[in-house]
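Student: Chains as they are written, first to last, in the working numbering: chain W, 1 to 446; chain V, 1 to 440.
Derived from the structure by calculation, the hints contain no laboratory data. It is possible that part of the hints are untrue.
Said to hold, decoys possible - Below are the DMTMM-like pairs computed for lysine to aspartate or glutamate, each with C-alpha atoms no more than 25 Å apart in a straight line: (1) W:Lys27 - W:Glu283; (2) V:Lys231 - W:Asp363; (3) V:Lys369 - W:Asp434; (4) V:Lys159 - V:Glu44; (5) V:Lys159 - W:Glu65.
As the list claims (entries may be wrong) - Here are a few chain W residues that face chain V, going by a calculated C-beta distance under 8 Å: (6) Ala98; (7) Ser233; (8) Ala422; (9) Glu425; (10) Gln427.
Predicted, not measured: the structure shown is a model, and the values here were computed from it. Don't be surprised by glycine CBs; every beta carbon is placed ideally from N, CA and C.
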Amino acid sequence: MNVQADFGTDPSGKGADDIVLAVRNLKKHFPIRDGVFQRVVGHVKAVDGVSFNIRRGETVGLVGESGCGKSTLGRCVSGLSDPTSGGVYFGISADDCARVDDHQSTGAALPSSEIADIEARHRIDLLQGDAQRRFRRNCQMVFQDSFASLNPRHLVVDIVGRPLRVYKEASGAELTERVVSLLEMVGLGRHHLYRYPHQFSGGQRQRISIARALALDPELIVLDEPTSALDVSVQAQILNLLNDLQRDNNLAYLFITHDLAVVQHMADRLVAMYLGRVSETGETKTVFDDPQHPYTLALMAAKPDLTDEDGAKLQALEGNIPDPARPPQGCRFHTRCPVATPICGWEIDDVVRWLEESPGMFDTLAGVERMSAFDASLRFSDTGSAERLAGALRSPAMPAAMQRAMEELSIDGASVRIRFQAVDEVQLTDRGFDHNVACVLDPSKD
Amino acid sequence: MLDMIKRKSGTANSSATIASVKDLTVHFQSKKGKVHAVDRVSFEIYDGETLGLVGETGCGKSVTGRSFLQLLPIPPGILAQGTVNFHPHARCASCTGEGCAECEHTGRCPVPCPSCEGSGCSRCDDSGAETVELLRLPDRDIREIRGDRIAMIFQDPGKALNPTLTIGDQISEVFFQHRTDDLLEASGFDAADREFGAGALKRLASQRNGGIDNLLLSIPPLRGRRDRILKALSEMVAEALAQTHIPNPQQVMDRYPHELSGGMRQRVMIAQALACNPDLLIADEPTTALDVTVQARILDLISDLQQRRQTSVLYISHDLSLVRRICDRVAVMYAGRIVEIGRTDQVFKNPCHPYTRGLLQAVPTAARKRGELMAIKGTVPELVDPAPSCRFIGRCQYEQSACRMQDPALHPVADEHSVSCFIHHPAPAGDAPGFDKRTS
């Protein structure tokens, strides 16, 4: 189904169709190279098909664990790295956006001239000349580590004034005055002009980063964990500042963070990512009141909160994030999901992962002959191991959902043939107003 | 598990202290002058409790934690005054560390003071227990305590683990340093024995074997013993790793730190810290570098182990919501001072110091409207030769002339709850502040 279109229609909100930036089916794969010739042996799928819109003046929160691809996505959105496929569209009208969506959902091999024209005008990695400059000045970024993102050899006046000089907005005394007014916007002053970054505290450096981002009066700022390195009292100052600036300048924010409390406080809408894909998206209030993806639930249960009752228990999520180079089939979360069902995408890799974790078993594995991701025969060096594997797979220690997903389990000498139910990748489905969840479970249908 | 470790105060345990810090003052020499990083900090850690030490960056909480084990760089650090008295436990004699009814299944029991036999004298601070003054202990002796009686978990396991050693080798070091006798016993070696190669075996079990020893130990009669020692060692390491729920410890032992995930590395650190069943664990922001989901598991693990072994924990963190979850008592530090200390429920339900109140209100929640977080204005002051006034002036909403003239000290406001602020105790001179008098 075409989920993306649902994003663009918000009957109540102000400027519902006023899209600043649209991300469509964005993929960023990093090659893994190995061997003498550095041949590409695989890809780390950091971002694997993500779509969302950012509207004028709103804050979109992007949350997820480390390694889920949220920073990579932020870099793609701000044009710092080029996507492998899919696109980031800047300044696109809602009609054009709908056309791109239609084109992608029909899956036409060659883009029509109309689509090609839209892409050339709005897709940020295809922009040329003035259009590219327009995008670059309208999309700024604030990084997590303000130590690394401010040049230690430059004075504040150079750092904040640099964008103005590059875009020939001001020079000489006028430049200095513009920098002073920018510094005043972020709560610093004229006496800070001729200092180096190391002379400031962490909170003040982050203010300098924000002043630099504001210099060209952008429409969108990508904030990549802007307060993670700061103390709570300073974090509160920066969050208040960001909010004031948004109100005064009608800024849109893409707020990347792992801190749910910050997102809940700051964001209008939320995009939760897991292993390169969106697991749940919707208005912040809706998602926090009624989280529907088990991963979102797990994130919320693991977060300690000052308002919790005494003695409330933290729920820890079991297992580790799987290797993003071979992401799980079906729902990517099924390996750790507490409520997994047989149709969540159980596969051969789940068996291999179990073998890796059990002492001695992986060493006896002689080969895996894969028919598909769900169907393979595992050959062992001795029959005992094959029987132990089959016994373990039938034992109650294994997830019941996994056992029910197993369509075939047979031992032939030292090899075990396993076949799971084949399923497609779980797509985002509509769960009410502007709320999309990528999970096979839907409480409203039960 | 987390809720279960919250222990009722006023139990028998709360009277016995495992360590007491008195007037600890640490200065750092800088170009501008002496930075008063920790200024007359005093607190006690009760046996078996978790004490939280919270505060912002640069408030001296890590310096306090590190001073326990003489891990401060001296110079530029200067230990200006103060003592850290530690009452080490010994392995329970009746169960040799396995845990029995006598030692309440902790495997450890207190040692009476050698000079007064437990009746209390000046040397043991009237505690009756053996007392070690950690700050002025010679190198040799502090090495005995580090990792054995007091262990530490650092913030970044990526930096704290040695990248050139396998996990097994790193944890082995703890046993080589502190469990030499156990290792020798595993090879059937009697301490009184003067047989051939005894020295070489001893040196192997304390990791001081040289080239000639390796040659000696490869001779058949000694080789068997060497192998027995090494086998016992690897069993001890695997056991320590299994304690922290690391799956497949045998395999993890052969890995290098970079091959493990952040959460896994932190577990290795915890395994290493708890390997010798310490009396006191100093956890310096152990979950700051981790994701929330991993953090919850690590906390679970620390509190589970703490509950099982009754280890006292000094938990250093900047995260208030976390400290509230796992600590029995909390000490709030600001600019090198403890400004408030009390039981967790007291401090969080009834924060008495303006700074504690400010910190609690600065935490973003859904309930607070966007852009209206109560930020504490200004920044942490530089601690170079501070004036004799309250350290919070300039940022405090309730500041009055009294606050600028004198320095408040910790005074009790309730049972076990002390605050250093003139709002709660009379100021010697000037206008006294109050929560009803707000200064803009």
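Student: With reference to the structure, classify each hint as holding or not holding.
Tutor: Checked hints:
no. : hint                : in the structure
1   : W:Lys27 - W:Glu283  : 24 Å, holds
2   : V:Lys231 - W:Asp363 : 21 Å, holds
3   : V:Lys369 - W:Asp434 : 22 Å, holds
4   : V:Lys159 - V:Glu44  : 30 Å, violated
5   : V:Lys159 - W:Glu65  : 21 Å, holds
6   : Ala98               : 31 Å, violated
7   : Ser233              : 4 Å, holds
8   : Ala422              : 29 Å, violated
9   : Glu425              : 23 Å, violated
10  : Gln427              : 24 Å, violated
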